[in-house]
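Each chain, letter by letter, is given below.
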Amino acid sequence: AQSVTQLGSHVSVSEGALVLLRCNYSSSVPPYLFWYVQYPNQGLQLLLKYTSAATLVKGINGFEAEFKKSETSFHLTKPSAHMSDAAEYFCAVSDQRYSSASKIIFGSGTRLSIRP
Amino acid sequence: DSGVTQTPKHLITATGQRVTLRCSPRSGDLSVYWYQQSLDQGLQFLIHYYNGEERAKGNILERFSAQQFPDLHSELNLSSLELGDSALYFCASSVASGGGDTQYFGPGTRLTVL
Numbered sequence: 001a002q003s004v005t006q007l008g009s010h011v012s013v014s015e016g017a018l019v020l021l022r023c024n025y026s027s028s029v030p031p032y033l034f035w036y037v038q039y040p041n042q043g044l045q046l047l048l049k050y051t052s053a054a055t056l057v058k059g060i061n062g063f064e065a066e067f068k069k070s071e072t073s074f075h076l077t078k079p080s081a082h083m084s085d086a087a088e089y090f091c092a093v094s095d096q097r098y099s100s101a102s103k104i105i106f107g108s109g110t111r112l113s114i115r116p
Numbered sequence: 001d002s003g004v005t006q007t008p009k010h011l012i013t014a015t016g017q018r019v020t021l022r023c024s025p026r027s028g029d030l031s032v033y034w035y036q037q038s039l040d041q042g043l044q045f046l047i048h049y050y051n052g053e054e055r056a057k058g059n060i061l062e063r064f065s066a067q068q069f070p071d072l073h074s075e076l077n078l079s080s081l082e083l084g085d086s087a088l089y090f091c092a093s094s095v096a097s098g099g100g101d102t103q104y105f106g107p108g109t110r111l112t113v114l
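Chains as they are written, first to last, in the numbering used here: chain E, 1 to 116; chain V, 1 to 114.
Since the hints were derived computationally from the structure, they do not count as laboratory data. Misleading hints may appear alongside valid ones.
What the hints assert, rightly or not - Below, simulated DSS-like cross-link-like pairs (lysine-lysine); rule was C-alpha separation at most 27 Å, straight line:
| no. | chain 1 | residue 1 | chain 2 | residue 2 |
| --- | --- | --- | --- | --- |
| 1 | E | Lys-103 | E | Lys-68 |
| 2 | E | Lys-69 | E | Lys-58 |
| 3 | E | Lys-58 | E | Lys-68 |
| 4 | V | Lys-9 | E | Lys-58 |
| 5 | E | Lys-103 | V | Lys-57 |
| 6 | E | Lys-103 | E | Lys-69 |
As the list claims (entries may be wrong) - Which residues of chain E face chain V? A partial, calculated answer using Cβ under 8 Å:
| no. | residue |
| --- | --- |
| 7 | Tyr-32 |
| 8 | Gln-42 |
| 9 | Phe-90 |
Each residue gets a CB set at the ideal place from its N, CA and C atoms; glycine is no exception.
In isolation and in its complexed conformation, chain V is listed as follows (with noise of 0.2 Å):
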């Protein structure tokens, strides 16, 4: 277990449907992060939020969005779903921000979109 949850294990939604995933970080970790996982695409960095503010983005579609609240748990938001967004969604924490520090990763959201 590495102190990383997420909320639910599993989401089944249809297309043009807009779905939250919710992740809460090791207890001390300022960091969140966001990968999508599928089989044609891989493990992709989506963003990345230390205390509040966006530090860093990758390949996240503009009808994805991501916070982080004052209390450092973090939601991301999915709009306007298509067939494609169908993935396993991963949330990892740190203690920092830094490109070296050891990210702890939850045990995912499966998003089926039909």
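Pulled out of the complex, with its shape left as it was, chain E reads as follows (with noise of 0.2 Å):
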């Protein structure tokens, strides 16, 4: 069975700062991979995917991530801290590779707030 763990829930930054959330993932079957960012009282907007294509996957917004298969993670990054980054972000996995259907399971979530 799929799952996913983000590691702390809360995650503070100073602006300028790097920013590194952590996930981790287990999956029979070589997996999707992706990060959602969720703004307060929004829905969720995708921030990138990980479909097998490339390693290091770049995203919207100045974020990227890498796929590290010996270590089962994908963790997300950004170089330089924004205030605007302040946000939820889920990690999500999807096993669905071989079918036509999708179930996507997601992680607990990590607050990113970010320090002036």
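Hey, can you piece these two chains together into the complex? The hints should help.
Dropping the structure here:
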């Protein structure tokens, strides 16, 4: 069964500092992996996704994530945090690569706070 | 704006009642997904429909049901409501039905059961 673990329910960084949000996954088949962002009182927005084309995935708003099969990780990074990055971030996995259905499992989320 | 619309935005009802949440997918999208987000359970996948057919089920209670209509809009029906059903319910849509398809989320319906 697929699962996702996000390490750290709350991360706080200073504006301009490196952002690192950790995600580890479990999947019996090569997975699809996603990072979504949720701003207060809004729905989720896709930041980036891994579908096996390249292990380093670049997303919107300067975020990127690297798929590391040996570590079963898909950590999200951004070189320099901006105040507008404050939000809830969700890592998600789908192991429906060989199916015509889609079942995405979300992690518990990491709230990112940015200190001025 | 993702292009996915959900109505109503807020819903307040009493225990034991039945409600219907509505979702209109982005133009051209054939898949609709429903999710429940609550403080204690987090974000949970409920069900996936593709072009009117159920494709995948998650942790959806028997008191809950969904359908996708010929015009591709979807409804999530919640019955015999309990206090614990209070949550944010999201709908998402995608072009096709594959596991790697990008899902576009609506703004959600906040359900409060009193």
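Consistency of the hints with the structure:
no.	hint	verdict
1	E:Lys-103 x E:Lys-68	holds (22 Å)
2	E:Lys-69 x E:Lys-58	holds (17 Å)
3	E:Lys-58 x E:Lys-68	holds (15 Å)
4	V:Lys-9 x E:Lys-58	violated (33 Å)
5	E:Lys-103 x V:Lys-57	holds (8 Å)
6	E:Lys-103 x E:Lys-69	holds (21 Å)
7	Tyr-32	holds (4 Å)
8	Gln-42	holds (6 Å)
9	Phe-90	holds (6 Å)
The structure fails hint 4 only (numbered hints given earlier).
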